[in-house]
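Student: Could you put the whole structure together from the sequences, leaning on the hints where they help?
So the sequences go chain by chain: A and B. Note that my numbering has the first sequence beginning at 4, numbered continuously upward. Note that my numbering has the second sequence beginning at 12, numbered continuously upward.
Some hints here could point you the wrong way.
With a straight-line Cα cutoff of 20 Å, these simulated DMTMM-like cross-link-like pairs (lysine to aspartate or glutamate) come out [what the hints assert, rightly or not]:
{"no.": "1", "chain 1": "B", "residue 1": "Lys-139", "chain 2": "A", "residue 2": "Glu-80"}
{"no.": "2", "chain 1": "A", "residue 1": "Lys-107", "chain 2": "B", "residue 2": "Glu-242"}
{"no.": "3", "chain 1": "B", "residue 1": "Lys-304", "chain 2": "B", "residue 2": "Asp-47"}
{"no.": "4", "chain 1": "A", "residue 1": "Lys-82", "chain 2": "B", "residue 2": "Glu-237"}
{"no.": "5", "chain 1": "B", "residue 1": "Lys-223", "chain 2": "A", "residue 2": "Glu-80"}
{"no.": "6", "chain 1": "B", "residue 1": "Lys-217", "chain 2": "A", "residue 2": "Glu-80"}
{"no.": "7", "chain 1": "A", "residue 1": "Lys-37", "chain 2": "A", "residue 2": "Asp-13"}
{"no.": "8", "chain 1": "B", "residue 1": "Lys-139", "chain 2": "A", "residue 2": "Asp-13"}
{"no.": "9", "chain 1": "B", "residue 1": "Lys-223", "chain 2": "B", "residue 2": "Glu-235"}
{"no.": "10", "chain 1": "B", "residue 1": "Lys-213", "chain 2": "B", "residue 2": "Glu-185"}
{"no.": "11", "chain 1": "A", "residue 1": "Lys-82", "chain 2": "B", "residue 2": "Glu-242"}
{"no.": "12", "chain 1": "A", "residue 1": "Lys-82", "chain 2": "B", "residue 2": "Glu-185"}
It should be emphasised that the hints constitute simulated quantities derived from the structure, not laboratory data. All values derive from a computational prediction rather than experimental measurement.
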Amino acid sequence: MPKITYITHDGEKNTVEVPTGLSVMEGALQNNIKGIDADCGGSMACATCHVYVSENWLNTIEKIHDAEQDMLDMAYEPKKNSRLSCQIIVTNDLDGLEVTTPVKQT
Amino acid sequence: MINTDAIIIGAGPTGLFAVHQLGIIGLKCEVIDNLDRAGGQCIELYPDKPIYDIPAIPECTGEELTNGLLKQIEPFKANFHLGQRVEEIKKENNLWVIKTNKGNFFSAPNVIIAGGVGSFEPRKLALKEAERFEDSQIFYSVTNKAIFQNKKISIFGGGDSALDWALELSKSNEITLIHRRMEFRGAAHTLNEIKQKEKEGKILIKTPYNLKSIEGAKTMTGIEIEHENGELEKIKTDYVLSFFGLIMKLGPITDWGLNIEKKTIPVDTETFQTNKQGIFAIGDICTYPGKLKLILSGFHEAALAARACFKNARPNETYRFEFTTASKSIHDRLGLKK
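Tutor: Here you go:
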């Protein structure tokens with residue numbers, strides 16, 4: 004099962020196994036990872052599952068779509084490597100993925 | 012004080028359908044919502060996005076669903092108290108008494124919380140200093156546009172609110188429109204108008220920039236913005252308007268003595284009652300084993316909670332289950348002609 008590492012803004016790392024097919028957001032919720040709120044439940048309507056993806060992974064995960072980019076405008080301190088974790092679906096290629104959560108979600 | 016059979020907190024699809032379910036069994040209700048219109052997340056977050064899983068409606072938008080529900084509950088003439096948030100719930104003589112932030116009081120034997128993920132509030136600027144100037148020089152919505160005359164205004168955001176206000180206020184002010192990336196999202200004709208105003212020198216566009224700092228002690232004199240490449244730029248400004256949409260906050264609900272688990276309220280699935288007798292929770296805000304955050308689940312939950320409300324509102328009457336197809340009393344409540 005792919006391992007995903009969630010890193011808090013102050014550097015605390017949590018590595019958990021997330022079944023393929025689930026989103027990185029769902030993986031966080033199921034494992035009680037702090038720093039991901041996911042208020043809208045994954046309908047890409049709230050930007051509270053915002054994460055920063057480490058640069059070396061940006062090309063491996065599926066490209067960002069306009070609707071996600073629009074929603075990221077609403078996120079707390081979005082950067083170039085910002086993504087909504089509800090839109091990153093875990094595959095075997097993503098084994099080892101590291102995402103960092105922002106200082107806060109709202 | 013308004014007395015009724017049930018108070019519904021939240022005018023999203025689940026709250027609206029609760030009006031219906033209470034109405035057909037002959038119970039009156041009052042609906043309170045923090046937003047200034049009914050529809051909840053459907054109308055606030057995705058009015059134009061199609062929904063495909065409402066039974067018997069192959070496709071409808073959030074707005075269409077809301078309008079359909081409002082039409083469906085018209086016969087019950089429920090009162091809506093919009094633009095106000097419930098602050099307190101207290102028990103007095105076997106009734107729940109509710110107070111809103113506008114100082115209105117309600118009382119009823121039943122309270123149905125259909126509050127979704129909480130109440131909507133504007134998303135605020137990340138900078139701590141922004142708090143000091145909030146409502147004096149920094150605004151998250153425009154309530155009095157008269158104060159903006161011959162001023163320097165910096166507008167943050169890339170969506171319709173930011174664009175529309177940039178256009179509107181550019182008529183009599185100097186506008187700087189700042190957005191974190193090159194692309195704006197907005198109606199095509201709005202974008203064209205913005206480009207036109209930029210050519211005319213009425214709107215200065217700064218992309219891709221973010222707010223870095225706010226300058227000024229007692230009054231804000233300017234801001235500093237940072238380009239994606241790290242370059243800084245100072246802008247003199249009298250006002251900052253920031254439009255980053257709405258967020259949902261559970262708010263005062265956490266102070267009412269209800270059990271809360273991961274921002275949701277556990278309920279008994281027979282009645283949808285919470286740990287407090289006479290307080291029910293339905294829709295996205297409730298949780299139980301197997302809970303799905305679907306609109307259709309909210310409808311089912313509303314139907315069961317309404318029946319449970321009957322016992323509290325009419326303790327001396329016996330509830331009789333009836334079908335809308337056959338019941339004369341339901342037809343009367345729906346105002347159908349004989």
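Student: Decide, hint by hint, whether the structure agrees.
Tutor: Going down the list of hints, with the structure as the test:
A C-alpha spacing of about 13 Å is found between Lys-139 of chain B and Glu-80 of chain A, which places the hinted pair at or below 20 Å, so the restraint holds. Of the supplied pair hints, the one linking Lys-107 of chain A and Glu-242 of chain B is violated, its CA atoms being roughly 25 Å apart against a limit of 20 Å. The suggested pairing of Lys-304 of chain B with Asp-47 of chain B is violated, with an alpha-carbon distance near 24 Å, which exceeds 20 Å. For the suggested pair Lys-82 of chain A and Glu-237 of chain B, the alpha carbons sit about 12 Å apart, so the restraint of at most 20 Å is met.
Restraint check for Lys-223 of chain B and Glu-80 of chain A: satisfied, since their Cα atoms lie roughly 11 Å apart, inside the 20 Å limit. Distance restraint check for Lys-217 of chain B and Glu-80 of chain A: the Cα-Cα separation of roughly 17 Å lies within the 20 Å cut-off, and the hinted pair is therefore satisfied. Between Lys-37 of chain A and Asp-13 of chain A the alpha-carbon distance is near 12 Å, which keeps this suggested pair within the 20 Å criterion. Using a Cα cut-off of 20 Å, the hinted pair Lys-139 of chain B and Asp-13 of chain A holds, with the two alpha carbons roughly 19 Å apart.
For the suggested pair Lys-223 of chain B and Glu-235 of chain B, the alpha carbons sit about 5 Å apart, so the restraint of at most 20 Å is met. At roughly 6 Å between alpha-carbon atoms, Lys-213 of chain B and Glu-185 of chain B fall within 20 Å of each other, so this suggested pair holds. For the hint linking Lys-82 of chain A to Glu-242 of chain B, the alpha-carbon distance of about 15 Å falls within 20 Å, and the restraint holds. Of the supplied pair hints, the one linking Lys-82 of chain A and Glu-185 of chain B is violated, its CA atoms being roughly 28 Å apart against a limit of 20 Å.
When the structure is compared with the earlier hints, violations turn up for hints 2, 3 and 12 and for no others.
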